[in-house]
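*Asks:* Below are the chains, spelled out letter by letter.
There are 2 protein chains.
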Amino acid sequence: MSVDPRESKPCPQGSRIDPYVGSYAARAQGMVASEVRALFAVASRPEVVSLAGGMPNVSALPLDALSDIVQRVVTEQGATALQYGSAQGDPVLRQHICEVMGLEGIDASPDDVIVTVGSQQALDLVTKVFIDPGDVVLTEGPTYVTAINTFAAYQARIEHVLMDDDGVIPEALEEMLTRLAAEGARVKFFYTVPTFNNPAGVTLTTERRARVLEICQRFNLLVLEDNPYGLLRYEGEPVRALRADAPRNVIYLGSFSKTLSPGFRIGWALAPSAVRDKLVLAAESAMLSHSSFNQLVVGRYLATHPWREQIKDFNEMYRARRDAMLTSLDALMPAGSSWTRPEGGFFVWVRLPEGLDSKAMLPRAVGERVAYVPGTGFFHGDDGRGNMRLSFCYPTPEQIREGVRRLVGVLESEISLRDTFGSASAPPRLGDDAPAPDLP
Amino acid sequence: MSVDPRESKPCPQGSRIDPYVGSYAARAQGMVASEVRALFAVASRPEVVSLAGGMPNVSALPLDALSDIVQRVVTEQGATALQYGSAQGDPVLRQHICEVMGLEGIDASPDDVIVTVGSQQALDLVTKVFIDPGDVVLTEGPTYVTAINTFAAYQARIEHVLMDDDGVIPEALEEMLTRLAAEGARVKFFYTVPTFNNPAGVTLTTERRARVLEICQRFNLLVLEDNPYGLLRYEGEPVRALRADAPRNVIYLGSFSKTLSPGFRIGWALAPSAVRDKLVLAAESAMLSHSSFNQLVVGRYLATHPWREQIKDFNEMYRARRDAMLTSLDALMPAGSSWTRPEGGFFVWVRLPEGLDSKAMLPRAVGERVAYVPGTGFFHGDDGRGNMRLSFCYPTPEQIREGVRRLVGVLESEISLRDTFGSASAPPRLGDDAPAPDLP
Numbered sequence: 001m002s003v004d005p006r007e008s009k010p011c012p013q014g015s016r017i018d019p020y021v022g023s024y025a026a027r028a029q030g031m032v033a034s035e036v037r038a039l040f041a042v043a044s045r046p047e048v049v050s051l052a053g054g055m056p057n058v059s060a061l062p063l064d065a066l067s068d069i070v071q072r073v074v075t076e077q078g079a080t081a082l083q084y085g086s087a088q089g090d091p092v093l094r095q096h097i098c099e100v101m102g103l104e105g106i107d108a109s110p111d112d113v114i115v116t117v118g119s120q121q122a123l124d125l126v127t128k129v130f131i132d133p134g135d136v137v138l139t140e141g142p143t144y145v146t147a148i149n150t151f152a153a154y155q156a157r158i159e160h161v162l163m164d165d166d167g168v169i170p171e172a173l174e175e176m177l178t179r180l181a182a183e184g185a186r187v188k189f190f191y192t193v194p195t196f197n198n199p200a201g202v203t204l205t206t207e208r209r210a211r212v213l214e215i216c217q218r219f220n221l222l223v224l225e226d227n228p229y230g231l232l233r234y235e236g237e238p239v240r241a242l243r244a245d246a247p248r249n250v251i252y253l254g255s256f257s258k259t260l261s262p263g264f265r266i267g268w269a270l271a272p273s274a275v276r277d278k279l280v281l282a283a284e285s286a287m288l289s290h291s292s293f294n295q296l297v298v299g300r301y302l303a304t305h306p307w308r309e310q311i312k313d314f315n316e317m318y319r320a321r322r323d324a325m326l327t328s329l330d331a332l333m334p335a336g337s338s339w340t341r342p343e344g345g346f347f348v349w350v351r352l353p354e355g356l357d358s359k360a361m362l363p364r365a366v367g368e369r370v371a372y373v374p375g376t377g378f379f380h381g382d383d384g385r386g387n388m389r390l391s392f393c394y395p396t397p398e399q400i401r402e403g404v405r406r407l408v409g410v411l412e413s414e415i416s417l418r419d420t421f422g423s424a425s426a427p428p429r430l431g432d433d434a435p436a437p438d439l440p
Numbered sequence: 001m002s003v004d005p006r007e008s009k010p011c012p013q014g015s016r017i018d019p020y021v022g023s024y025a026a027r028a029q030g031m032v033a034s035e036v037r038a039l040f041a042v043a044s045r046p047e048v049v050s051l052a053g054g055m056p057n058v059s060a061l062p063l064d065a066l067s068d069i070v071q072r073v074v075t076e077q078g079a080t081a082l083q084y085g086s087a088q089g090d091p092v093l094r095q096h097i098c099e100v101m102g103l104e105g106i107d108a109s110p111d112d113v114i115v116t117v118g119s120q121q122a123l124d125l126v127t128k129v130f131i132d133p134g135d136v137v138l139t140e141g142p143t144y145v146t147a148i149n150t151f152a153a154y155q156a157r158i159e160h161v162l163m164d165d166d167g168v169i170p171e172a173l174e175e176m177l178t179r180l181a182a183e184g185a186r187v188k189f190f191y192t193v194p195t196f197n198n199p200a201g202v203t204l205t206t207e208r209r210a211r212v213l214e215i216c217q218r219f220n221l222l223v224l225e226d227n228p229y230g231l232l233r234y235e236g237e238p239v240r241a242l243r244a245d246a247p248r249n250v251i252y253l254g255s256f257s258k259t260l261s262p263g264f265r266i267g268w269a270l271a272p273s274a275v276r277d278k279l280v281l282a283a284e285s286a287m288l289s290h291s292s293f294n295q296l297v298v299g300r301y302l303a304t305h306p307w308r309e310q311i312k313d314f315n316e317m318y319r320a321r322r323d324a325m326l327t328s329l330d331a332l333m334p335a336g337s338s339w340t341r342p343e344g345g346f347f348v349w350v351r352l353p354e355g356l357d358s359k360a361m362l363p364r365a366v367g368e369r370v371a372y373v374p375g376t377g378f379f380h381g382d383d384g385r386g387n388m389r390l391s392f393c394y395p396t397p398e399q400i401r402e403g404v405r406r407l408v409g410v411l412e413s414e415i416s417l418r419d420t421f422g423s424a425s426a427p428p429r430l431g432d433d434a435p436a437p438d439l440p
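First to last, the sequence lines map onto chains E and P.
Everything in the first sequence is counted per the numbering used here, starting at 1 for the first residue and increasing by one.
Everything in the second sequence is counted per the numbering used here, starting at 1 for the first residue and increasing by one.
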């Protein structure tokens with residue numbers, strides 16, 4: 001599978017007959033399949049270079065060490081590893097998680113950490129605990145696809161705050177909060193991926209971090225800081241997490257999916273204690289407890305493996321892939337296009353030449369054996385047709401160079417179409433990209 | 001830990017100051033801590049015989065086989081096991097799950113199975129997809145504790161249907177559905193644990209199964225069949241799952257937590273395809289995907305280990321524990337008490353002599369070094385003071401005999417109190433059992 005299940009976005013369900021259609025909860029109307037899933041099923045063929053997925057390159061993992069760890073957890077800790085655990089999570093793992101967060105300036109107690117099924121579950125639990133239908137969630141525009149799906153599943157009203165190469169624009173945030181306050185909207189939190197943003201690749205500057213926190217505190221607004229990529233930095237100076245400087249106003253979400261493996265589904269939330277209590281109860285009714293086995297495996301990995309050095313190795317590998325992508329884009333992209341230059345993470349955000357439509361041209365691109373995610377996937381609403389997200393985490397540098405070559409070929413033919421007929425590929429007719437019934 | 005995290009039930013939160021108290025969603029009011037958690041923290045001391053927890057006896061697991069399986073999954077399937085998977089779950093595991101369900105007469109396609117974080121997550125996802133605030137969920141009375149919490153977390157109206165030693169009473173179900181139809185209530189599904197019920201230990205008879213299905217079909221009501229214990233039978237003839245005879249009207253929930261281990265958190269839902277589509281989308285926004293690693297481990301266990309024989313071994317072990325409990329109860333319980341005689345599963349449901357209060361006497365019982373779950377835990381509302389759930393899954397036969405001896409001592413002193421003063425232990429004052437901030 002060469003596509004990250006994260007790549008999905010609301011669109012109407014197919015019109016299959018559903019005898020239960022009258023029985024679903026109102027929130028289920030917000031649960032809809034990816035409009036590009038059918039294409040991604042094609043894109044997962046080996047001959048296609050996928051610049052779409054956000055999957056880490058797990059082939060770089062130390063399998064011998066992991067194999068030793070998992071069997072020791074069974075033989076030495078079986079009675080605990082194979083039993084139910086607590087809904088908050090294993091205390092030893094929560095202690096290690098605090099060490100990991102310390103690398104980004106966070107001083108936290110394991111008592112305030114809850115272990116979740118990836119940071120995705122933390123995102124779901126926070127939304128479940130805070131969002132009534134119609135409550136407002138602020139997010140960057142563009143933002144993480146599945147965060148949009150989760151907020152929509154709880155019937156939140158999603159408002160995007162403008163961002164640029166330095167991250168979210170404080171003035172835009174303040175202006176929006178002022179406007180929403182004036183209309184009496186119930187704004188519950190500001191969801192942000194401030195470091196190596198998915199999909200934009202940009203990082204909120206240190207100066208802006210202070211201003212964003214000041215604005216949110218002034219408006220008494222919780223910040224939901226999602227930071228899966230923070231330790232994957234390939235150049236530049238580390239930045240402090242937002243949570244490091246505002247412990248009472250920030251709920252912090254972390255994950256081992258990118259720094260170790262998504263296969264264990266270990267993420268976490270760090271929250272003020274009153275919120276943590278609610279999250280633990282929500283987690284209990286959502287799953288009773290997470291896998292004790294996986295928590296002990298990750299805890300033992302952090303206790304016995306040189307994981308900081310391991311992350312350095314990952315960063316060298318990813319840096320080479322990022323450089324391959326940026327060098328190819330610099331050399332080949334047509335005039336009128338621009339893109340971000342991420343200092344870390346997995347993604348480059350591209351602005352296409354005037355008149356090109358990333359969603360409309362995707363079928364042609366897949367036909368040319370290259371895949372990406374159209375910018376429309378990262379907005380609630382219809383923005384982003386002039387953008388695409390390119391990921392450099394999964395393909396090799398050679399594949400990346402070839403992928404960019406193929407992509408540029410598609411762009412050039414789209415441009416000549418535009419110049420000849422005044423418009424490029426027509427947007428697909430409704431139903432052209434009806435969703436597959438489940439994930440690829 | 002000698003208590004199953006499943007043992008928790010609504011009561012008001014402690015009165016700690018919470019700066020976010022005005023910000024939570026309405027549904028968060030339904031997320032409240034266990035009223036008996038503080039006591040269970042005491043009950044987890046080694047000197048206490050706990051007849052409270054519903055934890056399987058994982059010390060009977062084949063650790064050598066599991067240790068070999070987990071390390072082979074890393075070394076031979078690492079690229080898949082350590083990567084993201086699909087939200088529906090691993091296809092090979094779903095195939096094996098269909099074989100497991102076949103043992104109870106279910107003929108199903110892997111396409112209609114979704115793998116979840118224990119059957120608890122399946123319960124949460126089904127509720128999320130179907131329940132708007134005020135919608136009615138029918139359940140047996142008594143019923144599974146955390147199902148009550150989950151329904152409450154989605155603001156469902158919970159109505160209990162009377163049951164006896166043959167399971168839920170069809171006439172009571174029909175009467176309630178007729179009454180609810182008359183008042184125009186939106187009844188979404190009937191949640192049932194028909195085989196070796198938690199907590200009652202009883203099994204719905206074959207004759208009643210047909211009648212319950214007929215009634216639900218006539219009222220166009222979905223059945224949510226929760227069957228974690230069905231394969232743990234110690235005597236009597238196997239019964240067919242409800243799903244086996246009504247594929248279009250039943251959502252079936254299964255789990256490997258009792259037949260293998262709760263440590264991998266692998267459960268599943270089998271649902272009609274339209275519902276399955278919704279559940280997959282809900283799972284995606286709730287966690288992206290379950291642990292690929294755990295799914296491959298359980299799949300490999302089912303493919304390579306004689307799991308049917310393993311379950312037979314478990315059943316011999318649990319049969320001895322059940323017999324120890326029933327023999328002790330027969331020999332020692334005071335006049336005026338009665339209890340169920342489960343043919344499988346983990347639990348015996350006790351009716352206490354007139355005037356005794358299982359919730360009020362729990363502190364005294366823990367003081368006498370024996371723990372149980374008061375019947376009040378298994379009802380939405382205040383029923384069950386005259387009942388208690390005793391579990392025989394975790395303690396050894398010797399511990400069970402000693403536990404029942406201690407329990408009977410408490411009952412006899414309660415009875416003499418009652419006979420002398422006209423009432424037994426006074427109910428605890430409000431706050432006496434304020435909840436711990438998180439799970440024990």
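None of these hints come from the bench; they were simulated from the model.
Don't take each hint at face value.
The list treats identical chains as interchangeable, and a pair is accepted whether it falls inside one copy or across any two copies.
[As the list claims (entries may be wrong)] Dumping the calculated SDA-like pairs for lysine to any residue here, alpha-carbon to alpha-carbon at most 25 Å:
#, residue 1, residue 2
1, 312, 327
2, 312, 80
3, 312, 405
4, 312, 75
5, 312, 332
6, 312, 179
7, 312, 79
8, 312, 247
9, 312, 419
10, 312, 273
11, 312, 181
12, 312, 221
Because the structure is a prediction, the values reported are computed rather than measured.
*Asks:* Compare the structure with each hint and give your call.
*Replies:* Each hint tested on the structure:
1. Proximity of residue 312 to residue 327 under the C-alpha cut-off of 25 Å is restricted to the intra-copy arrangement: shortest distance 22 Å within a copy versus 62 Å between copies.
2. Taking CA atoms no more than 25 Å apart as the test, residue 312 paired with residue 80 passes between copies only; the shortest distance there is 23 Å, against 32 Å inside one copy.
3. Proximity of residue 312 and residue 405 under a CA criterion of 25 Å is satisfied in neither setting, with 29 Å inside one chain copy and 60 Å between copies.
4. In this homomeric assembly, residue 312 and residue 75 come within 25 Å of each other (Cα to Cα) only across copies, at 23 Å, whereas the closest approach inside a single copy is 31 Å.
5. Proximity of residue 312 and residue 332 under a CA criterion of 25 Å is satisfied in neither setting, with 30 Å inside one chain copy and 66 Å between copies.
6. Taking the shortest alpha-carbon separations for residue 312 and residue 179, neither the intra-copy value of 44 Å nor the inter-copy value of 66 Å comes in at or below 25 Å.
7. Taking identical chains as interchangeable, the C-alpha atoms of residue 312 and residue 79 lie at most 25 Å apart only when they sit on different chains, with a minimum of 21 Å there against 34 Å within one chain.
8. In the homo-oligomer, the alpha carbons of residue 312 and residue 247 never lie at most 25 Å apart, since the shortest distance is 28 Å inside one protomer and 52 Å across protomers.
9. For a Cα distance limit of 25 Å, the shortest separation of residue 312 from residue 419 qualifies neither inside one copy, at 46 Å, nor across copies, at 74 Å.
10. With identical chains, the CA atoms of residue 312 and residue 273 are never at most 25 Å apart, being 33 Å at best within one copy and 45 Å at best between copies.
11. Taking the shortest alpha-carbon separations for residue 312 and residue 181, neither the intra-copy value of 45 Å nor the inter-copy value of 64 Å comes in at or below 25 Å.
12. In this homomeric assembly, residue 312 and residue 221 never come within 25 Å of each other (Cα to Cα): the closest approach is 35 Å inside a single copy and 56 Å across copies.
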